[in-house]
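Please work from the sequences and hints to get the whole structure.
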Amino acid sequence: MQTPFDEREVTVLLSGLLLAASMLYFRSDIKRVPGWRLLLAGIGCMVIGNAATVIEHTVAYQLFNIIEHASYMVQSVVLAAWALRLRSGAR
Amino acid sequence: MIIGCLEVVGLIAVTVALFVVFQSASFRQHRARISLSALLLLLAVDHLANILEQYGYAWADSIADHLSFGVPLFWGLFLLETGREYLSARLSASDAQLRFLLGNVPTSIAWLDGKGRLLAHSQTWSKLFGDVPAGTRLKNALPVPLPQLESAIERCLTGEYRDAREETTELEDERSRYFRWAVQSWNDPDRDEPGVLLTVEELTAERDAEARRLADAATLSRTQRVADVGQLAAGAAHDFNNFLQIMQSGISDLEVSRELRDETLTQMQAALDAAATMTRAMLQLGGGDASVRGALDLGATVCEIHGPLSRALGRRYQLVASVPEGQPVTIWGNATRIQQALLNLTLNARDAMPRGGRIELAVSVEEDRALLRVRDFGVGMTETVQRQLFTPFFTTKGALGTGLGLRVVKTAVEEHDGHVSVESQPGAGTTFRLSFPLLDQNENRPARRHSVGA
Numbered sequence: 043m044q045t046p047f048d049e050r051e052v053t054v055l056l057s058g059l060l061l062a063a064s065m066l067y068f069r070s071d072i073k074r075v076p077g078w079r080l081l082l083a084g085i086g087c088m089v090i091g092n093a094a095t096v097i098e099h100t101v102a103y104q105l106f107n108i109i110e111h112a113s114y115m116v117q118s119v120v121l122a123a124w125a126l127r128l129r130s131g132a133r
Numbered sequence: 002m003i004i005g006c007l008e009v010v011g012l013i014a015v016t017v018a019l020f021v022v023f024q025s026a027s028f029r030q031h032r033a034r035i036s037l038s039a040l041l042l043l044l045a046v047d048h049l050a051n052i053l054e055q056y057g058y059a060w061a062d063s064i065a066d067h068l069s070f071g072v073p074l075f076w077g078l079f080l081l082e083t084g085r086e087y088l089s090a091r092l093s094a095s096d097a098q099l100r101f102l103l104g105n106v107p108t109s110i111a112w113l114d115g116k117g118r119l120l121a122h123s124q125t126w127s128k129l130f131g132d133v134p135a136g137t138r139l140k141n142a143l144p145v146p147l148p149q150l151e152s153a154i155e156r157c158l159t160g161e162y163r164d165a166r167e168e169t170t171e172l173e174d175e176r177s178r179y180f181r182w183a184v185q186s187w188n189d190p191d192r193d194e195p196g197v198l199l200t201v202e203e204l205t206a207e208r209d210a211e212a213r214r215l216a217d218a219a220t221l222s223r224t225q226r227v228a229d230v231g232q233l234a235a236g237a238a239h240d241f242n243n244f245l246q247i248m249q250s251g252i253s254d255l256e257v258s259r260e261l262r263d264e265t266l267t268q269m270q271a272a273l274d275a276a277a278t279m280t281r282a283m284l285q286l287g288g289g290d291a292s293v294r295g296a297l298d299l300g301a302t303v304c305e306i307h308g309p310l311s312r313a314l315g316r317r318y319q320l321v322a323s324v325p326e327g328q329p330v331t332i333w334g335n336a337t338r339i340q341q342a343l344l345n346l347t348l349n350a351r352d353a354m355p356r357g358g359r360i361e362l363a364v365s366v367e368e369d370r371a372l373l374r375v376r377d378f379g380v381g382m383t384e385t386v387q388r389q390l391f392t393p394f395f396t397t398k399g400a401l402g403t404g405l406g407l408r409v410v411k412t413a414v415e416e417h418d419g420h421v422s423v424e425s426q427p428g429a430g431t432t433f434r435l436s437f438p439l440l441d442q443n444e445n446r447p448a449r450r451h452s453v454g455a
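Going down the list, the sequences are from chains A and B.
All residue numbers in the first sequence are consecutive under our numbering, ending with 133.
All residue numbers in the second sequence are consecutive under our numbering, ending with 455.
Derived by calculation from the structure, the hints in this document are not laboratory data.
Certain hints may be false.
Stated by the list, open to error - Some chain B residues close to chain A (C-beta under 8 Å, calculated; not the full set):
{"#": "1", "residue": "V21"}
{"#": "2", "residue": "L68"}
{"#": "3", "residue": "S69"}
{"#": "4", "residue": "A296"}
As the list claims (entries may be wrong) - Quick list of the computed label-pair ranges, beta carbon to beta carbon:
{"#": "5", "chain 1": "A", "residue 1": "V101", "chain 2": "B", "residue 2": "Q30", "range": "44 to 52 Å"}
{"#": "6", "chain 1": "A", "residue 1": "V101", "chain 2": "B", "residue 2": "D62", "range": "18 to 26 Å"}
{"#": "7", "chain 1": "B", "residue 1": "N105", "chain 2": "A", "residue 2": "Y67", "range": "37 to 45 Å"}
{"#": "8", "chain 1": "B", "residue 1": "L92", "chain 2": "A", "residue 2": "R69", "range": "46 to 54 Å"}
{"#": "9", "chain 1": "A", "residue 1": "T53", "chain 2": "B", "residue 2": "A39", "range": "17 to 25 Å"}
{"#": "10", "chain 1": "A", "residue 1": "T53", "chain 2": "B", "residue 2": "N105", "range": "51 to 59 Å"}
What the hints assert, rightly or not - Distance condition first, Cα-Cα at most 20 Å in a straight line; then the derived DMTMM-like pairs of lysine to aspartate or glutamate:
{"#": "11", "chain 1": "B", "residue 1": "K116", "chain 2": "B", "residue 2": "D193"}
{"#": "12", "chain 1": "B", "residue 1": "K116", "chain 2": "B", "residue 2": "D217"}
{"#": "13", "chain 1": "B", "residue 1": "K140", "chain 2": "B", "residue 2": "E202"}
{"#": "14", "chain 1": "A", "residue 1": "K73", "chain 2": "B", "residue 2": "D193"}
{"#": "15", "chain 1": "A", "residue 1": "K73", "chain 2": "B", "residue 2": "D191"}
{"#": "16", "chain 1": "B", "residue 1": "K116", "chain 2": "B", "residue 2": "D191"}
Remember, predicted model here, so these are calculated numbers, not experimental data.
Ideal Cβ positions, reconstructed from N, Cα and C, are used throughout, including at glycine.
Below, the structure is given as structure tokens:
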């Protein structure tokens, strides 16, 4: 049966969701990491980007395509912010 | 166009992050450095592939799709490593805190495993019992056997009770050592078995200091006792001198007139009796003996001593006694002690009037209290002298005085639950007021043993 979803994209989305769920489950340990909120935001952006990649093939391609790339961009910015924060000495 | 801009911004951000990770000293020892670098490289290539795709390179889209698989994987790896990094740092900090605690806590603390072997101990433990390696059995680690402690530990390990605390004394080289210890059971998470937390405090220095303090207090008490005896001896000498003056005066009278012989002899006998009573009082003070007190008519007591006192004062002095007629003023007391007080006050009054004069003794009742007043019209006293009047060894008579007469008066009055007050002005004379609680005649108060003296 032909589905509108790309199997690879769905797999990546499920992997991202699994990662986000793991991070929430181990949040008490993750909270010990300085700037953990930035990391959480990075994971969130990745999942949103993955979800937008899956959805763009069904409805509002242009919109979800922009959301996808914007999410990946924010993910990279957030990681850079975290690295800069750590360089400034926050432990 | 928008997507291309977004990807460029993402690529710049990732490049900055990569630069920071490779250049910053903060990341050199970071456990997650490799996984983070890999994740950032992956994202950089992904952004680059997407930019190329925007410029018409279709093959770049395939690369981006394949790389997207690795992003969640490297994120997970990065988070895992980062978590381990900070958990490890936290563990190291806890370990450092524990080591600091063990090194600086003033109490000797030791952890024992389920077999009674030392797992760790504080620095103070090493100072107390020596540095013992981990794994040593406690009984081999203690220089002094503490059987009660060992028994308590065994009971804690067997679960008989959870905690115990006690103080024990043990002999070491014929010297007592005192310990206060406490044991508490705990579950050793490393071994999943019960262990014991042991705290030991040596009290030997404190106990030795306490013993020294008690010994010092006993020595001080003996010294104070010797001082009291010295003071008593001086007081006795003073009072004996008073009685001797009475007898000396009596002998003088005998020489002057044989008519007064019988009366004088009676008075001399009374003085000797008083001296004997005083001797008994001294013995009571020294050895704890006592004399009997009873209902005492203050007026009769004054009348009784009036004659001997008149003789002792000599012809230049007029001793006038005023007592309520037919109305006894009864107190609960000892006649000899009251007469001792009167004798001292009267002779002081005499000394205050070297050229002779009138001395008044008056007994009255005022506001439910018996009042005995001794008044002279001598030189009087300044306020400074009055303030020190009852201080032992304070005297205005120089070598002729002992400074104990008024102290004896105050002590005698206070023994009768009374109090002494004085009114005096320089040049206008002095009045001593001795106030005692009246004895209710209906009160059947039993005679009781009463300790006389300071």
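Results of checking the hints against the structure:
no.	hint	in the structure
1	V21	holds, 4 Å
2	L68	violated, 10 Å
3	S69	holds, 5 Å
4	A296	violated, 89 Å
5	V101/A / Q30/B: 44 to 52 Å	holds, 48 Å
6	V101/A / D62/B: 18 to 26 Å	holds, 21 Å
7	N105/B / Y67/A: 37 to 45 Å	holds, 39 Å
8	L92/B / R69/A: 46 to 54 Å	violated, 19 Å
9	T53/A / A39/B: 17 to 25 Å	holds, 20 Å
10	T53/A / N105/B: 51 to 59 Å	holds, 56 Å
11	K116/B / D193/B	holds, 13 Å
12	K116/B / D217/B	violated, 47 Å
13	K140/B / E202/B	holds, 17 Å
14	K73/A / D193/B	violated, 29 Å
15	K73/A / D191/B	violated, 26 Å
16	K116/B / D191/B	holds, 14 Å
Checked against the numbered hints above, the structure violates hints 2, 4, 8, 12, 14 and 15; every other hint is satisfied.
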